[in-house]
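Engineer: The lines below spell out each chain.
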Amino acid sequence: MKVEQLSIFLENRSGRLAEVTKILQNNQINIRALSLADTSDFGILRLIVSDFEKAKSALKEHGFTVGKTNVVAVEVQDQPGGLNTLLEMLEERNVNVEYMYAFVHQSGSNAVIIFRFDRTDQAIELLTEKGVKIISGEDLYNL
Amino acid sequence: MIFDVEMETLPRDELEALQLTRLKRLVDKVYHNVPFYRHAFDEAGVRPEDICRLSDLSRLPFTEKRDMRNNYPFGLFAVPKDNVVRIHASSGTTGRATVVGYTARDVKNWAKLMARSFVAAGATRRDIVHNAYGYGLFTGGLGAHYGAEELGAAIVPISGGSTRRQVGLLHDFGPTIICCTPSYALFLCETAEEMGVDFKSLPLRVGIFGAEPWTDIMRREIENKLDIKAIDIYGLSEIMGPGVGIECIEAQSGPHLMEDHFLVEVIDPETGEQLPYGETGELVITTLTKEAQPLIRYRTRDITSLDPTPCRCGRTFLRMKRVTGRTDDMLIIRGVNVFPSQIETLLLETEGVAPHYQIFIKREGNLDTMEIQVEIDDKLFNDQIKTLQRLENKIQTNIKEFLGVTTKVKLVEPRSIERSLGKAKRVVDLRNQGA
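Protein chains in written order, with my numbering: chain A, 1 to 143; chain B, 144 to 578.
One chain only, chain A, in its complex shape (with noise of 0.2 angstroms):
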């Protein structure tokens, strides 16, 4: 049920975040999600990509630091109000988010939100109790 993101440390220079995405189309590798978390010195990009070890490897080869961490990815309804039900079920157990970020994929009309959560088995034991679609990671990459 987990989803395999890739977070890569970049240091605030231009040209940084290019040279990612060039060895990624270099290797025929898809990004399916991504949000850049940043500081005055550093960014933290995090990806969801078609091929997950290979891109791994290829960034790794060019000297990036890339960690793997597990994130849920879940449907929301498009709607107003789909993610605040969503939100309010996780706070109800004590379920913090550590950070997230959404996309709305082309055909369908619900959302898809990636969450890093700090006790993530628990969040998806709730969340597939409670009936919210989990996008498993095979599906996510295929998109």
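Treat each hint with caution, since some may be false.
[Unchecked claim] Pairs of lysine to any residue, SDA-like flavour, derived with a Cα cap of 25 angstroms:
| id | chain 1 | residue 1 | chain 2 | residue 2 |
| --- | --- | --- | --- | --- |
| 1 | B | Lys368 | A | Val66 |
| 2 | B | Lys251 | B | Glu159 |
| 3 | B | Lys172 | B | Arg209 |
| 4 | B | Lys522 | A | Asp38 |
| 5 | A | Lys56 | B | Glu337 |
| 6 | A | Lys60 | A | Tyr141 |
| 7 | A | Lys54 | B | Asp520 |
| 8 | A | Lys68 | B | Lys553 |
| 9 | A | Lys56 | B | Ala497 |
| 10 | B | Lys372 | B | Pro453 |
Simulated from the structure, these hints should not be mistaken for laboratory data.
Take the given structure of chain A and dock chain B to it, following the hints.
Structural biologist: Only chain B this time, still in chain A's reference frame:
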């Protein structure tokens, strides 16, 4: 094991008697053969015959690096030029090069002292020595080379550079001893990892490291990563080159100084007063046997202290504490004295921090600022900003608490700090540039 059992275990009273005989001969020789010394002795009001006891050493004037530069190139030679068989020189990056001449006997003595050093580090004639110290004007490469040959070990004279090739030879030749700077040892290990070579599986068992200040924490890091014993060697070109002192593998607690050839003292760098054993100050060396270019009370600028307690290896020579800094690398940040080695110690004490860092000193307005760039690695990296910022803060707090200076810590990408093949460049002082 001890290479020269007689000299290296000489009882202290006999050693001191030998030192005195040699000192008297030396003082007489430089007074009559080196105009610089005749002049300096006259200035100080001391004559060769005034030196009757070892304690009279403190009556003699110091020799400083600038004296060597002022007498560039051959002004300090004490023998006719025809008797000089080798000339080494410093790179001269901070001014004129300092030149050092050797007679045939000087070269031979040096080889013997280096052979002693190898044996103290646990080497025998059956070892293969991978010598990654630079060959050339720098004394490291040739010093280790002649010493290994004197011992009868096999030497691989790879010199510095071509790091990937070095890893290949470390794998193929299976040397048991490596000589290089401590920072280069770690760089070799990193490169090996990238190439899929596991250092721990190599037959390598001892590393003889020197030519730059390092810390015990770095020693442990090297010992763990390379699965070897890391031995500290001490030397400086002006005096001879490597082999002025060597740590014994039995105790690994600071280099034993080759006192039959070098008379050592520690002084207060401000006042020039001799300090008692155990107190920290600047190491001063008088060469007792050098023929071509003997030096009287040479101020090494290396900060250390001397330990006279008996060592379990059986050597009677004093041990010096690992050099933690040089009087000329001392940084003064807003009036606080800071040695780069202190910063290194604090960095390496922080969980998981790799020893790749660089200190930048800038002046903003009238204030000095210090920024420490630390490379991130896979172990430290985390997908959450707050974890990385907590790490930066932790380092900042440690430095503030222990050294009393405020710094900015900046995490940088791996490999973004330039790797040095020789001495690592730890400090970039931008205060004298522009604003």
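Engineer: Run every hint past the structure and note whether it holds.
Structural biologist: We went through each hint and held it up to the structure:
1. Between Lys368 (chain B) and Val66 (chain A) the CA atoms are separated by roughly 21 angstroms; this keeps the pair inside 25 angstroms, and the hint holds.
2. For the given pair, Lys251 (chain B) sits about 23 angstroms from Glu159 (chain B) by alpha-carbon distance, which is consistent with the 25 angstroms threshold.
3. For a cut-off of 25 angstroms, the pair hint linking Lys172 (chain B) to Arg209 (chain B) stands: about 22 angstroms separates their Cα positions.
4. For the hint pairing Lys522 (chain B) with Asp38 (chain A), the CA-to-CA distance comes to about 20 angstroms; that is within 25 angstroms, so the pair holds.
5. For the proposed pair Lys56 (chain A) and Glu337 (chain B), the alpha carbon gap of about 15 angstroms is at most 25 angstroms, so the pair holds.
6. Restraint check: the Cα-Cα separation between Lys60 (chain A) and Tyr141 (chain A) comes to about 20 angstroms, which is no more than 25 angstroms; the hinted pair holds.
7. As the CA atoms of Lys54 (chain A) and Asp520 (chain B) are separated by approximately 20 angstroms, the hinted pair is consistent with the 25 angstroms bound.
8. Distance check on the hinted pair: Lys68 (chain A) and Lys553 (chain B) sit about 23 angstroms apart at the alpha-carbon level, within 25 angstroms; holds.
9. Pair hint Lys56 (chain A) plus Ala497 (chain B) holds up; C-alpha atoms about 22 angstroms apart against a cutoff of 25 angstroms.
10. Between Lys372 (chain B) and Pro453 (chain B) the alpha-carbon distance is near 22 angstroms, which keeps this suggested pair within the 25 angstroms criterion.
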